[in-house]
Amino acid sequence: MNNPQLNKNGKLQHLLTTEGLPAPILLKILDTAESFVGVTQRDIKKVPLLRGKAIFNLFFEPSTRTRTTFEIAAKRLSADVVNLNIAASSQSKGETMLDTVNNLSAMNADMFIVRHSQSGAAHLIARHVRPEIHVINAGDGRHAHPTQALLDMFTIRRYKKDFHNLRVAIVGDILHSRVARSQIHALTTLGVPEVRVISPKTLLPAKVERLGVHVYHDMEQGLKDVDVVLMLRLQNERMLGARLPSAEEYFKHYGLTQEKLALAKHDAIVMHPGPMNRGIEIDSAVADGKQSVILPQVTFGIAVRMAVMAILAGN
Amino acid sequence: MRILIKDGRVIDPENGMDTVNDVYIVAGKIVAVGDGPDSFQANHVINARGLVVCPGLVDLSVRLREPGLQYKATLESEMKAAAAGGVTSLACPPDTDPPLDEPGLVEMLKDRARSLNQAHVYPIGALTQGLKGEQLTEMAELHDAGCVAFSQSDKLLLGSRVMMQAMQYASTFNFRVWLRPEDDGIADSGVAHDGEVATRLGLPAVPVCAETIALSKIILIAKGTGAKVHLCRISSAEGVAMVREARQQGLPITCDVAVNHIHLSEMDISFFDSNCHLIPPLRGISDRDALRSGLADGTIDAVCSDHAPVDEDAKLVPFGESEAGATSIELLLSLVLKWAEEKNIPLAVAVAKVTSEPAKILGIEAGDLSVGAGADLCIFDPEQHWRVEASTLRSQGKNTPFLGMELQGKVKYTLANGIIVYED
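Top to bottom, those sequences are chains P and U. Under my numbering, think of the first position of the first sequence as 1, with each following residue one higher. Under my numbering, think of the first position of the second sequence as 1001, with each following residue one higher.
To be clear, the hints were calculated from the coordinates, so they are not data collected in a lab. Any given hint could turn out to be false.
Incomplete in silico selection of chain U near chain P, CB under 10 Å [as the list claims (entries may be wrong)]: (1) Y1169; (2) F1173; (3) L1201; (4) A1205; (5) H1263; (6) S1265; (7) D1297; (8) G1298; (9) P1318; (10) E1323; (11) A1324.
For each residue, glycine too, the CB sits at the ideal point set by N, CA and C.
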């Protein structure tokens, strides 16, 4: 099976998922991001690497935060950025996703950053664009959100140095989470020996253990002696059906509090992809506490996205 | 018209024949197999040396997309595809637009099909009006108009009480009810098997219990009402086991499987291949293996193509938004032969799965080469390889997971009512 993300020289052509990417490619992204962290902290936060390149932020699903971080990252690389909020424009006029992409390709796009509510949308676009165009998946349905996972890996490496002796727990709605899937693939590829998922059975997909994780339903057991706690956002609409009875009961069993966090290693770090639901999946005392690295994640996110764009543009 | 088919390997499972023989056809009927009538003068001789001569294929599920859905395919295009696939009798499900729930629509479809003079079309009537699962259709009227059975097509949508009453009513007239076992509530908006591939790709999933819950309901109601039931397109190992047990109890239940499902599994979805978006979903490898074995041991009577031409645009969208279905009628024979070869099944048994067995389920006179029968035949080269290509498929739909693949076994001639409707 050809990996649709790699070109025939084995280099990264698109970033669609962390699944199936060799560890050296993931590490190269993290290493490159290290060099951009310096840029983002300078007074003049700009390098000319992507000068003259046209990058289209193609958001078929609303997002503020992810789109903004991609926009900032592209601008710091001196690219020209166009933001398209397609949910509100051509799709409502009946244009298909591929027609939209073809039209923008005709405007000489160099890179598409795609977010879509359907799993596989970025793969479909990558299969249909001209070979010189690169596609970055900024989140497709429940499938993947590779730049989020990469910035998480970057953050983990910053604080924990080495992946090879870590215990990492991912807590929350694994079933609907593209972030969790991308985190799991990245963590296992980078050599984390023990990845746990902690979730009620209604929020776990079938055969999730095949992804290489240990399943826990009891958060207190699951958090025991972990080095990293990756919290997931719980969408409000999950409360409407029969998956969960109430936000209160969810928080009681799966919300991260200081008491539960105390079961992890004393120097464990807490992460969250944002936006947070305080009091539902995470207590404010933890979110704002000394073990939280949630804001550094956001900062690193820009460097990681710069790294991905710079590497793709160079391949 | 007098046709002589010479020196072919004649496989007629219903009459237990598998031998090199000649077939004589006069005025649309088979008049002799073996020794011809005295002083027979053929207008047309088909040299079938090295070829297999068998009954025309009988396909239990072919979407012709008429009435109402002609942008996907037309009767003309799909009847040509049927001929190229060696199919001479086909059942079409009622999920047209509007659904086949009124005698007038059924008669119109039959007339349109008859005027094309190709395969025989057997409409399956809607079990409930508009397929909504509420009010029964006029089954007896629909039967008089030409419906051979009644079904809910792909949506079961039947509450338990309506299902029971529909089966009671149908059995009053000895009609067979065709049901695809899937509990809508559980299947919900799932698009793939609830297994590791859906988990990896983040696709909404259909658990196996969607099939087994519906199956147990159908089997228990069949037991209670004595209704004849045909189970369409079973998909799971657990489902096969339940059907096996029900048949061992002597219930009047028959069962088919779609040809794609005896070869493919969830793994073939790979990176979101929307051509593998099928109903029911392709399940795990062990499920596929159970379907293959169930077909071999007779738990599953027949293989259908479940032909569903889809226009290209409807597949060029993300997997979950793509329209389900595959164009399959032209691949049916080759794929059944592939199953037989891989499972070491005699050719005559494989042929029965697409001729005599489905004909019995339909209750029609077809699927055999008896003297006096209508001359519906398929003549194929069991050795010839061919490549599945969009440009050569006659169906308007080009959507198949087998696109670009090489298959063995090629239809050379198809005869319907003694007329050569396809020649390779």
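Checked hints:
1. Y1169: Violated: closest Cβ of chain P sits about 34 Å from Y1169 of chain U, beyond 10 Å.
2. F1173: violated, 40 Å
3. L1201: holds, 6 Å
4. A1205: With a minimum Cβ separation of about 6 Å from chain P (threshold 10 Å), the hint on A1205 of chain U holds.
5. H1263: This interface hint is violated because 17 Å lies over the 10 Å limit.
6. S1265: Constraint on S1265 of chain U not satisfied, violated at 14 Å.
7. D1297: violated, 28 Å
8. G1298: With a closest approach of 31 Å, the G1298 of chain U hint is violated.
9. P1318: holds, 4 Å
10. E1323: violated, 13 Å
11. A1324: violated, 15 Å
In the structure shown, a violation is registered for the earlier hints numbered 1, 2, 5, 6, 7, 8, 10 and 11, in ascending order.
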